[in-house]
Amino acid sequence: MIEARQLTKRFGGRTAIDGVTLRVARGEVVGFLGPNGAGKSTTFRILAGIFPPDAGTASIDGLDLEREPLAARRRLGYVPERPALQHDLTVDDQLAFVAALRDVPAGAARRETMEHAIARTGLADVRRRRIGALSRGFRQRVSLATALVGDPPALLLDEPTVGLDPAQSAETRRFVREFGRDHAVFVSSHILADVEALCDRVVVLHRGRVLADGDPATLAARLRRTSYVDVEAAAPAERLAGILASVAGVLGTAPLAGPSEPGRCRVEVALGHDVRPAIAAAIAAAGIGLFALVPVEPSLEEAFLALTEGPRA
Amino acid sequence: MKKALAICRRDLGIMFGGPLAWTLIGAFTFLSGYFFYSDLTFYVLFGGGGLPTGLWRYVFLHYRLVAMLVVPLVTMRLLAEERKLGTLELMWSLPVRDREVLGGKFLAAAIVYVIMLAGTAVGPAVLFVLHPFAVGPVLAGYLGMVLLGFGFIACGLAASAIAENQVVSAMLTYGVIVFLWFASTNEAAIGEGVAWIVVGLSLFDRFSGFAQGVVDLRDVVFFAAFAALFLFLALQTLGARAWRGVA
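So the sequence lines, in the order shown, correspond to chains A and B. Residue numbers for the first sequence follow my numbering, so the first one is 1 and each next one is one higher. Residue numbers for the second sequence follow my numbering, so the first one is 1 and each next one is one higher.
Hint data in this document are derived by calculation from the structure and do not stem from the laboratory. There could be a bad hint or two in this list.
As the list claims (entries may be wrong) - Distance windows between CB atoms, simulated:
hint, chain 1, residue 1, chain 2, residue 2, range
1, B, Met171, A, Ala170, 41 to 47 Å
2, A, Glu178, B, Asn165, 37 to 43 Å
3, B, Phe179, A, Ala212, 53 to 59 Å
4, A, Glu115, B, Ala225, 46 to 52 Å
5, B, Ala240, A, Asp230, 50 to 56 Å
6, A, Glu68, B, Phe204, 33 to 39 Å
Backbone N, C-alpha and C define an ideal beta-carbon position, used for all residues, glycine too.
Same shape as in the complex, but just chain A:
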């Protein structure tokens, strides 16, 4: 449905993306993961038909974006990174306008597609309000509804959770998952957990190149070469570190707080071993009360470092 073959784009002397190849099928949510500046937005803009690549081809639903730009763009809904909305329009005005540009004939067909988009994004109560008067979360919903109007089968969502509070983020993720049932959804993020929770497959972009393309579990395992567990217990951190160091599977320990109680300790553990039961047992055996045992998600930067450096000896 969404297909990119060997996309390359340069701006001035800088290569934004280099040989990006990917595809997204209908009924699939594919994540696009990469640090800021990796070239995600450039890829999105090419796939949205905003500008052409210098080399390579992009197509939506089999329609080449350069040869049949209007027909291809009719088949896609794009949500740019920042919500792109005219504040002086009402929600209904905005959706009717986009429906008209997507060639939905005025009358019953247009009303129907607007109703559909409003129902799927829960905008019924605010449809006659000015967009400028809506909260950030509702504006995000209007952006999503804008993409749905005219029922394009391919959806391109560029960082849809950026700038939202946790509740709004969760809501947006729920919408994206729902859209994934009957659309081809390509969604970018620089938050690993977001992508893991949402996507059937993940494409990792780094410095304009595709670094990996696979299912999130495998990829996350590949990204998390090492993992960390934070331990909090009723003993000074130094003593805790001493106990934890002797647990099998623990590669290293580092006290997090001062020598006061309760102590906190970050433990580096070998990949593929869940050492948490062993840690709990060791602390219990030492007669110390255990408060918390929390696995630490590596930051995306750490994960990328791991991926770009290759396996450590």
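Let chain A serve as the given structure and place chain B on it in line with the hints.
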């Protein structure tokens, strides 16, 4: 064409939904009304040939000034604000051609401008009831105003396509039209070799015929070409995203 109309309708909705269009139409009507009154008073007191050269000429030359002041403020936000908000990027992802986007925006600004001009017809209409006159020269003047205004709108659209900031957009438009206006006022300052080009480009000289009730086809073609040139520039500026990117 249908999509250009959809864009035009939306932009009119945005302009009339906020205070901008109303303020500008109000300012245009007030200033042009004042000039009509003052020029008429002057004519009544001092006379000065027939109506075309004694009254209409001054009225339209003053209207021209008002248009020069107000039109860049009508066009300044048309594309600059869309670029700033990111809605231009969204528009580019929709199945619509750049020329349809420009066409819709030109039409929206043209409609606002024609509404402004229609407001100025009240004075001459009242005068006609009290004191009938030949309407030909007045219609010629209005034709000149329409052509001139459309040229300004095209110029303003090109500036709005270039700038992301509305003030920069308006200032660019003022810069271009004021320069083209006065380029030929001091012919001694320009070399003889290029004088004919500058005079040829001068909006000042081209408009004065219309103001005195004379419609010259060459002047009509000039204004049409002037507008076409700037619409072409605007189109090229929108197309520059291919190598310049969106931001």
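Tested hints:
1. Met171(B) - Ala170(A): 41 to 47 Å: holds, 46 Å
2. Glu178(A) - Asn165(B): 37 to 43 Å: At 39 Å between Cβs, range holds.
3. Phe179(B) - Ala212(A): 53 to 59 Å: holds, 56 Å
4. Glu115(A) - Ala225(B): 46 to 52 Å: Between Glu115(A) and Ala225(B), where Cβ atoms are some 48 Å apart, the hint holds.
5. Ala240(B) - Asp230(A): 50 to 56 Å: Between Ala240(B) and Asp230(A), where Cβ atoms are some 51 Å apart, the hint holds.
6. Glu68(A) - Phe204(B): 33 to 39 Å: At 48 Å between Cβs, range violated.
Going down the numbered hints, you'll see the structure goes against just number 6.
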